[in-house]
Amino acid sequence: MNTVLKINGKNIDVKFDSDEHLLHTLRNHGISEVKNGCEEGECGACMVLLDGKPVNSCQVFTATVHDSEITTVKGIGTLHEPSIIQEAYVEAGAVQCGFCTPGMVLASYALLRDNPNPTEDDIKRALSGNLCRCTGYVKIIEAVQLAAQKLQNT
Amino acid sequence: MSKIKWYYTDSLAEASSLLREKNILPHGGGTHLNNIDLSHVNGLLDLSGLELNYIKQDGDIIEIGSMATYADVIEKLQAISPNCMLLQTLQNSANTPLRNRITIGGSLGHIPQWSDLIGALLALDAKVILAGKHEGEYDISRFWNDDELREGSLITAVKFKDYPHKSYHYRDVKTKNDMPLFTISTLFDMDNDVIANTHIIIVGTKDRVSKIVELEKYLTGKTIQQLDEQTVIDLVNVEFVGNRSTDNDYLAHKTKIETWRSIFRAMERT
Numbered sequence: 001m002n003t004v005l006k007i008n009g010k011n012i013d014v015k016f017d018s019d020e021h022l023l024h025t026l027r028n029h030g031i032s033e034v035k036n037g038c039e040e041g042e043c044g045a046c047m048v049l050l051d052g053k054p055v056n057s058c059q060v061f062t063a064t065v066h067d068s069e070i071t072t073v074k075g076i077g078t079l080h081e082p083s084i085i086q087e088a089y090v091e092a093g094a095v096q097c098g099f100c101t102p103g104m105v106l107a108s109y110a111l112l113r114d115n116p117n118p119t120e121d122d123i124k125r126a127l128s129g130n131l132c133r134c135t136g137y138v139k140i141i142e143a144v145q146l147a148a149q150k151l152q153n154t
Numbered sequence: 001m002s003k004i005k006w007y008y009t010d011s012l013a014e015a016s017s018l019l020r021e022k023n024i025l026p027h028g029g030g031t032h033l034n035n036i037d038l039s040h041v042n043g044l045l046d047l048s049g050l051e052l053n054y055i056k057q058d059g060d061i062i063e064i065g066s067m068a069t070y071a072d073v074i075e076k077l078q079a080i081s082p083n084c085m086l087l088q089t090l091q092n093s094a095n096t097p098l099r100n101r102i103t104i105g106g107s108l109g110h111i112p113q114w115s116d117l118i119g120a121l122l123a124l125d126a127k128v129i130l131a132g133k134h135e136g137e138y139d140i141s142r143f144w145n146d147d148e149l150r151e152g153s154l155i156t157a158v159k160f161k162d163y164p165h166k167s168y169h170y171r172d173v174k175t176k177n178d179m180p181l182f183t184i185s186t187l188f189d190m191d192n193d194v195i196a197n198t199h200i201i202i203v204g205t206k207d208r209v210s211k212i213v214e215l216e217k218y219l220t221g222k223t224i225q226q227l228d229e230q231t232v233i234d235l236v237n238v239e240f241v242g243n244r245s246t247d248n249d250y251l252a253h254k255t256k257i258e259t260w261r262s263i264f265r266a267m268e269r270t
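In the order they appear, the protein sequences are chains A and B.
Using the numbering used here, the first residue of the first sequence is number 1, and each one after it goes up by one.
Using the numbering used here, the first residue of the second sequence is number 1, and each one after it goes up by one.
Simulated from the structure, these hints should not be mistaken for laboratory data.
From the three backbone atoms N, C-alpha and C, an ideal C-beta is built for every residue, glycine too.
Please note: incorrect hints may appear among the correct ones.
Claimed, not checked - Simulated coverage check for chain B against chain A, where a stretch passes if three residues somewhere in it have a Cβ under 8 angstroms from a Cβ of chain A: (1) 4-16; (2) 38-52; (3) 98-111.
As the list claims (entries may be wrong) - Derived DSSO-like pairs: lysine-lysine, alpha-carbon spacing no greater than 30 angstroms straight-line: (4) K124(A) / K206(B); (5) K53(A) / K56(B); (6) K53(A) / K10(A).
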């Protein structure tokens with residue numbers, strides 16, 4: 001099957017199998033910041049924003065993604081121009097092995113977009129679908145709190 | 001997984017026809033079909049072209065289109081019915097990215113053993129609206145008990161009466177994101193301090209869903225102060241089978257304790 005996916009604002013022609021999940025389609029087309037973790041919808045490593053909402057791309061059939069906007073972590077900031085959230089993750093020391101970080105950053109982005117002043121419970125709820133195999137949750141929550149402060153001061 | 005033939009439509013009539021005439025499963029966008037063997041089906045019908053993602057309130061009736069996700073329902077109920085049992089139930093189900101994908105229709109169509117949804121809908125005396133072979137509106141209890149209704153039918157909506165109630169949805173999990181070993185849905189219709197009507201539903205039992213009728217009868221007409229703990233515990237009698245991670249007798253005993261606790265937690269909720 002063929003379709004055009006809008007990924008980080010760019011239209012990209014993709015070819016995929018009918019039973020293929022979005023995770024594999026993205027990675028097969030060089031979108032490697034979307035990580036392959038559990039493939040069961042449990043870990044959040046493959047998270048993307050689909051029309052702005054965090055979803056596990058391993059749980060989305062590519063054949064059902066029509067005119068949706070797909071945002072990966074590279075869509076909200078780059079290495080040389082990181083977003084405030086990415087800066088906060090670095091400053092808070094919230095990145096250990098880094099495998100969960102793209103998903104964590106996207107979940108944080110979606111949270112702070114809708115709720116600029118989240119409580120710790122709000123943060124835990126928003127990140128409930130993202131597992132850190134290094135168990136670095138304390139720093140990650142601090143990073144989201146720091147990002148919220150930074151965003152309020154901009 | 002085998003290769004899938006996909007069908008797309010924006011017509012409910014065409015969707016109903018496809019589901020009736022061919023061995024095709026509806027795909028609402030949720031997670032269930034991603035994780036099962038689809039070699040036995042002729043194809044999947046993408047429902048995203050149908051306008052079934054809605055939540056509307058008409059008087060005291062709330063109707064939820066089958067394509068509404070758990071996240072959609074949570075957002076809407078927070079605005080229109082913040083004390084609704086379904087809100088608490090869905091807020092505690094799955095996790096953020098999954099709630100953004102799991103649809104009401106998909107969840108009701110498959111009803112996994114760990115379903116959070118079915119207990120709340122039974123407690124709310126919900127109705128299920130079907131298109132296709134069995135077009136019509138059905139009590140949720142009939143829909144649950146009659147497998148034939150699901151064959152060749154498409155769930156288009158669920159609806160229920162929104163009235164003031166006290167409720168609590170208990171999930172028995174080892175960690176918060178686990179699928180529950182069982183759930184207890186407790187709902188009270190109060191007449192001042194007196195329990196006027198009640199629903200106690202335990203999901204995940206040997207019968208999959210157990211309505212605790214004798215306890216409901218005992219509770220009705222009483223105030224919370226009149227309840228006797230041992231009587232409540234004695235009236236909760238459910239069995240579990242085939243649970244690989246926990247002792248079945250332990251689970252049965254735990255339902256007694258958690259039902260007693262759930263009654264008070266429901267009363268404490270405003």
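Hint check:
1. 4-16: holds (count 3)
2. 38-52: Holds: 4 residues of the segment 38-52 of chain B have a Cβ under 8 angstroms from chain A.
3. 98-111: The restraint on the segment 98-111 of chain B holds, since 3 of its residues have a Cβ under 8 angstroms from chain A and three suffice.
4. K124(A) / K206(B): This hinted pair is violated, its Cα atoms lying about 34 angstroms apart.
5. K53(A) / K56(B): holds, 22 angstroms
6. K53(A) / K10(A): OK: K53(A) and K10(A) at ~18 angstroms, within 30 angstroms.
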